[in-house]
Amino acid sequence: MALCFSINATTLPQHHHGKVNYRSNKKCLESVRNLVKKTRVASVVSAPQESLQKGNWVKLICGASFEDVVDVRNLSLVYTLAGVDCIDCAADASIVNAVNEGIGAAREIVYLRKPWVMISVNDDEDLHFRKAEFDPEECPLDCSRPCETICPASAISLQQHQSTTELSHGTETLNVLKGGVITERCYGCGRCFPVCPYDKIRMAMYTRDAAATAELLKRNDVDAIEIHTGGRQTAPFEGLWNDLGNSTGYLKLVAVSLPYAGDSTISSMNTIYTMMEPHLPCLNLWQLDGRPMSGDIGRGATRESIAFAACLAAVKDKPRGFFQLAGGTNAHTVEGLKKEGLFQTTLIAENSKDNRPMPTSLASSHALIGGIAYGGYARKIVGRVLSSMRSQHGLVHIEDYPEHLLQALANALDLVGTVKCYDPWKELPSVAGIINPGAEGFQKLFFGQEEIAIPVHSTVEAACTAHPTAEVFINFASFRSAAASSMAALKQPTVRVVAIIAEGIPEADTKQLIAYARANNKVVIGPATVGGIQAGAFKIGETAGTIDNIIACKLYRTGSVGFVSKSGGMSNELYNAIARVTDGIYEGIAIGGDVFPGSTLSDHVKIMVVLVELGGRDEYSLVEALKQGKVNKPVVAWVSGTCARLFKSKVQFGHAGAKSGGEMESAQAKNQALKDAGAVVPTSYEAFETAIKETFEKLVDEGKITPVKEFTPPQIPEDLNIAIKSGKVRAPTHIISTISDERGEEPCYAGVPMSSIVEQGYGVGDVISPLWLKRSLPRYCTHFMEFNVALLALFHYPLGFDMHLEAVVGLAASFTDTYDLNQICIMLCADHGPCVSGAHNTIVTARAGKDLVSSLVSGLLTIGPRFGGAIDDASRYFKDAYDKGLTPYEFVEGMKKKGIRVPRIGHSETYTLSKANNLVLNIDGAIGSLFLDLLAGSRMFTKPEIEEIVGIGYLNGLFLLARSIGLIGGGSRDPPARMSGRDHRVPLQICASICYINAASDPTIDFCFGHTFDQKRLKQPLYRHPWEDVLYTK
1 MALCFSINAT TLPQHHHGKV NYRSNKKCLE SVRNLVKKTR VASVVSAPQE
51 SLQKGNWVKL ICGASFEDVV DVRNLSLVYT LAGVDCIDCA ADASIVNAVN
101 EGIGAAREIV YLRKPWVMIS VNDDEDLHFR KAEFDPEECP LDCSRPCETI
151 CPASAISLQQ HQSTTELSHG TETLNVLKGG VITERCYGCG RCFPVCPYDK
201 IRMAMYTRDA AATAELLKRN DVDAIEIHTG GRQTAPFEGL WNDLGNSTGY
251 LKLVAVSLPY AGDSTISSMN TIYTMMEPHL PCLNLWQLDG RPMSGDIGRG
301 ATRESIAFAA CLAAVKDKPR GFFQLAGGTN AHTVEGLKKE GLFQTTLIAE
351 NSKDNRPMPT SLASSHALIG GIAYGGYARK IVGRVLSSMR SQHGLVHIED
401 YPEHLLQALA NALDLVGTVK CYDPWKELPS VAGIINPGAE GFQKLFFGQE
451 EIAIPVHSTV EAACTAHPTA EVFINFASFR SAAASSMAAL KQPTVRVVAI
501 IAEGIPEADT KQLIAYARAN NKVVIGPATV GGIQAGAFKI GETAGTIDNI
551 IACKLYRTGS VGFVSKSGGM SNELYNAIAR VTDGIYEGIA IGGDVFPGST
601 LSDHVKIMVV LVELGGRDEY SLVEALKQGK VNKPVVAWVS GTCARLFKSK
651 VQFGHAGAKS GGEMESAQAK NQALKDAGAV VPTSYEAFET AIKETFEKLV
701 DEGKITPVKE FTPPQIPEDL NIAIKSGKVR APTHIISTIS DERGEEPCYA
751 GVPMSSIVEQ GYGVGDVISP LWLKRSLPRY CTHFMEFNVA LLALFHYPLG
801 FDMHLEAVVG LAASFTDTYD LNQICIMLCA DHGPCVSGAH NTIVTARAGK
851 DLVSSLVSGL LTIGPRFGGA IDDASRYFKD AYDKGLTPYE FVEGMKKKGI
901 RVPRIGHSET YTLSKANNLV LNIDGAIGSL FLDLLAGSRM FTKPEIEEIV
951 GIGYLNGLFL LARSIGLIGG GSRDPPARMS GRDHRVPLQI CASICYINAA
1001 SDPTIDFCFG HTFDQKRLKQ PLYRHPWEDV LYTK
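full-length UniProt numbering numbers the first residue of the sequence shown as 1 and each following residue consecutively.
Bear in mind the hints are in silico, worked out from the structure with no lab data behind them. Treat the hints with caution; some may be incorrect.
[Stated by the list, open to error] Here are the simulated distance ranges between beta carbons:
1. 146 <-> 633: 24 to 34 angstroms
2. 728 <-> 761: 44 to 54 angstroms
3. 515 <-> 159: 22 to 32 angstroms
Bear in mind the structure is a predicted one, so any value in this text is a computation, not a measurement. For glycine and all other residues, C-beta sits at the position ideal for the given N, C-alpha and C.
Construct all of the structure, not just a fragment, from the sequences and the given hints.
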């Protein structure tokens, strides 16, 4: 869902609607700085006049009539960081202040060169200088209010209110509509005007005052002016130009914006230039205004401005100055210019005049199209973030919420980068965060050459609060919990799309998810989807497989084909086939193979490829879309499963929804329906690839598709572990250890597998001798070691009275039975290799030349709930679950809901309930369970005594030092039960026996002593951790 982070004009309220985490802000602001630096904005962005010459000039149009100071300030801040050359705004002092304040705030975050500030005026009536207006009380209460939904600036707001009127016979209360047009947000796009069912909306035109504009131009924080003119008549322009007088002498640029008015356009431009030339002491720019205020509508909006540029390129008598596209410009404009050969091409020779200063660098030829101005589209892609921030926090500075700033900046860089030639998404991960119930922190992952830290959150709500700009939620949970977590995500206002990977979610749950998503205008992909991909941009789930496969299928850049499938396996196969016969995938999605998929098949790109299967009737929605003309792009389709008719009974294929049923659900019927509706349907699956190829080549021949030019994708570094396994590289080790090797299926002590030690009846001494002494000593030697350590342990035990040596020896012998019960557990825990935290600490301390006790203590200090000390927790939770009669599934799900990780299950293994309804225990979990069985099975303890043993922490005694005997068994100073004859004191006997064995071979002692001896014997030098193994982050 990577992905997976969320102003001050004088009118901005000085308050926040939410608590600001300044510590988090500092970190996020550093991410903003890093993004600007990594995309090389400072080094790529040149002086504005040089950008015009190079053809990579970018102007932000805040809007000639857009007067929301808060949004203007935040837009200016974001696009300054993105590297624009100029910011165009309304000719109003408060708006100019807001622009300059936003620029100043941006330069405090990252020091960049200052973009020029431009104001816009008009010489006569112009679309850019108008406002919508209407009386909301004239609107019928039952009106559907289409004006609200169609307004791209959220400038219309209507609410029902009660109005009370005094009458002669009393009062009358009526419901009326209040609100209307938010004047400062309306920029005159006019979309509300034709949709009003009652013709209540009017357009009020206005003209900026020339005298006020002239005063504004004299300010030192205004660098340029843009004059909007109709182009057909030049007299209004001449009048305004004369009224402005000498005020233009303070400027760096004068721009003239006009639409294409036919063959007379070029002549009018030359006439206007003749009027300006005597009083034009600066650069001049022509704005080719295609389809005003429409860039946010879609790809086609940019065609008129590109056509205007093509007409200009064809004429010889071009006006002097630079040229810039505007009106309908969006993310597809550069692509269109490239197809016409007009992007950053040097076609004009510009010579400076003696009476007009011009930089020497501009006296040579320069690009025909100096750059692009972005208005509605630029505001839209950043406005989504600003709107989200406003709904959560009110009117605030965007830099106070750097996660919002980071997302807004990435969107802005993506747009500006199409002209400036930098790509922010190569520097910014699309995954904002990870949700892992019961866990928090960070997850290290590779992003290109470097590792990054992705935040981990314990709940959906916490993740969405921390990352308010993340819109996609990818759910990898099992079918048992996927429905609940998906619904939780859909209920978050910031989540727009939910992709569900799990297969087998109950149909009733799926229906609820679909209904909720449709009611709230959200999208569900799946269930049972392998995911989807937008080539070169974003990938959901396991779609397309490995990096090698992504490159082989040309999915590292966008192609021309849209692909829809129910099956993940079929989609991956078709990505490969489509890459062989076309220029590749633009977008591909597997909507899921369950009976009730969350998404339907309608989509739109240059050519659609649809591969589905028998069962269900979703394909008929595509049939209807084709018949009604809603889908007018070529569709190549095939429904698999034609072999189902060969079977005598109904057949269930791979997915839940892929089953034969009625005639309309058969593959033959759906193929015929698609063919009758106009889709290209081959005669068999084998001919499917050929049909795709022929359709694509036909579109190329017709000029409807220009195949994408191939390029070599950047090489993705291979993971070190994979490279080592394949033998491509070798890596040096940092620690030498001869104690034990835990890398295989079972630990090996000095080369002897643990299973052999147990099968041959070895004792604890037989384990200590190879680990410590590197020799397999005779049994009488190892028995002597065990006996003597037991004596030492007992001498430290607080018996409370004097004992003769013979009594001690007898007591040690009496513990033999208990010893037999525990020694296997002790031997299994004797050592877990040099990589665990305790062993590592001991090794590092020993290599620093410290003595045995220091090395021992350094290892012991790591023992706790995460290492070696969780046997008590495991036994406590297992006992509670057993007492309540819970199944393993109920136990795990209950712990998950409490936000508690189940201790001591899994480890090297991957825990799963998908194969069998039981738990995979590691050694600590097994010991905890076995000791509970031992205590209960012996029938020597009451239930309260067992609970006391678990509660006090007896079982963690296996990981304590021998000198801790007094603390472990210190509940009484009486002698053990067998000596005193009091059977209710048996817990002390068990405890003492565990501890004396622990003194001989407690895993803590072994890894501390053993690894200390090992490092000193090997004469290892001072340890220093390698730099390359550290993720340095802020």
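Broken hints, by number:
none
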